[in-house]
Amino acid sequence: NAGVTQTPKFQVLKTGQSMTLQCAQDMNHNSMYWYRQDPGMGLRLIYYSASEGTTDKGEVPNGYNVSRLNKREFSLRLESAAPSQTSVYFCASSSWTSGGYNEQFFGPGTRLTVL
Amino acid sequence: AQSVTQLGSHVSVSEGALVLLRCNYSSSVPPYLFWYVQYPNQGLQLLLKYTTGATLVKGINGFEAEFKKSETSFHLTKPSAHMSDAAEYFCAVSDSGSARQLTFGSGTQLTVLP
Numbered sequence: 001n002a003g004v005t006q007t008p009k010f011q012v013l014k015t016g017q018s019m020t021l022q023c024a025q026d027m028n029h030n031s032m033y034w035y036r037q038d039p040g041m042g043l044r045l046i047y048y049s050a051s052e053g054t055t056d057k058g059e060v061p062n063g064y065n066v067s068r069l070n071k072r073e074f075s076l077r078l079e080s081a082a083p084s085q086t087s088v089y090f091c092a093s094s095s096w097t098s099g100g101y102n103e104q105f106f107g108p109g110t111r112l113t114v115l
Numbered sequence: 001a002q003s004v005t006q007l008g009s010h011v012s013v014s015e016g017a018l019v020l021l022r023c024n025y026s027s028s029v030p031p032y033l034f035w036y037v038q039y040p041n042q043g044l045q046l047l048l049k050y051t052t053g054a055t056l057v058k059g060i061n062g063f064e065a066e067f068k069k070s071e072t073s074f075h076l077t078k079p080s081a082h083m084s085d086a087a088e089y090f091c092a093v094s095d096s097g098s099a100r101q102l103t104f105g106s107g108t109q110l111t112v113l114p
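Chains as they are written, first to last, in my numbering: chain E, 1 to 115; chain C, 1 to 114.
Treat the hints as calculated values from the structure; they're not laboratory data. From the three backbone atoms N, C-alpha and C, an ideal C-beta is built for every residue, glycine too. Heads up, none of these hints are tricks.
When the alpha-carbon atoms are kept at most 27 Å apart in a straight line, the in silico DSS-like pairs for lysine-lysine are as follows:
| hint | chain 1 | residue 1 | chain 2 | residue 2 |
| --- | --- | --- | --- | --- |
| 1 | C | Lys58 | C | Lys68 |
| 2 | E | Lys57 | C | Lys49 |
| 3 | E | Lys71 | C | Lys49 |
| 4 | C | Lys69 | C | Lys49 |
| 5 | E | Lys71 | E | Lys57 |
| 6 | C | Lys49 | C | Lys68 |
Covered stretches of chain C (in silico footprint by chain E; criterion: 3 or more residues with CB under 8 Å from a CB of chain E, positions within the stretch not fixed):
| hint | segment |
| --- | --- |
| 7 | 45-59 |
| 8 | 105-113 |
Turn these sequences into a full structure, and let the hints steer you where they fit.
Right, dumping it as C-alpha cells:
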C-alpha cells in the first residue's frame with residue numbers, strides 16, 4: 001500500500017497562475033482533508049470531504065476550491081495564486097473505527113512557492 | 001469550539017535527558033487527543049492517541065502521554081532522549097462531528113543536543 005500520495009512535491013507559481021494539487025489514497029478511507037502548514041501556525045484545515053460526494057469548508061478556505069473526484073481522490077485547486085498561498089500543503093485521509101475516533105494518515109506534502 | 005495550546009515553540013534537551021512537551025486543550029465534549037511527529041521534509045506520523053479508557057497512553061519510539069481531565073492537559077514525555085527524536089511535534093484534538101476534524105497546536109520543535 002502506498003498510503004496517501006500527493007503530486008507534485010514542489011511547485012513554483014507566479015502570482016495569478018492557477019494549479020491543481022492532486023491527492024490519492026489506497027486505504028479505502030471515507031474522509032479526506034487538505035491542510036496548509038505555515039511556520040508557527042501548525043496545520044490549518046482548508047477543506048475536507050467527510051465522504052464521497054460531499055465537501056465542506058475548513059478554517060481557511062478562501063482562495064481555494066476542492067473536488068472529491070471519487071473515493072480515492074481529492075484535489076485542491078488554486079484559481080489565481082497569491083504570495084500569501086506560499087505554504088506546504090498536506091493531504092490526509094481517515095476512516096471510521098469501532099472506537100469512533102479519527103486517526104488521520106498524511107501524505108508527504110507539496111511545497112508551493114508563489115512569486 | 002476546540003483549541004490546542006502547545007507551550008514552548010522550541011525545546012532543547014541533552015541526549016539521555018527527559019523529554020517533556022506540553023499540550024493543553026479546550027473542548028466542549030470529551031476529547032480524542034493525538035500527538036503527531038514530523039521529521040524534516042516529511043508528512044506527519046501518529047505517535048500516540050487517547051480515545052477512552054486508560055489515561056496513560058504509550059506510543060511508538062518510547063513516548064507516552066497522560067490525559068489529565070482536571071488540568072485539560074495531554075503532555076508528551078520520553079524518559080531518555082535520543083538524537084533521532086529531533087523533530088517537530090504536534091498535539092491535536094478531534095471533535096465529535098461527522099468528519100472528526102482535527103485541530104492542531106502550533107507545534108514544538110525538539111532539538112536533542114549531544
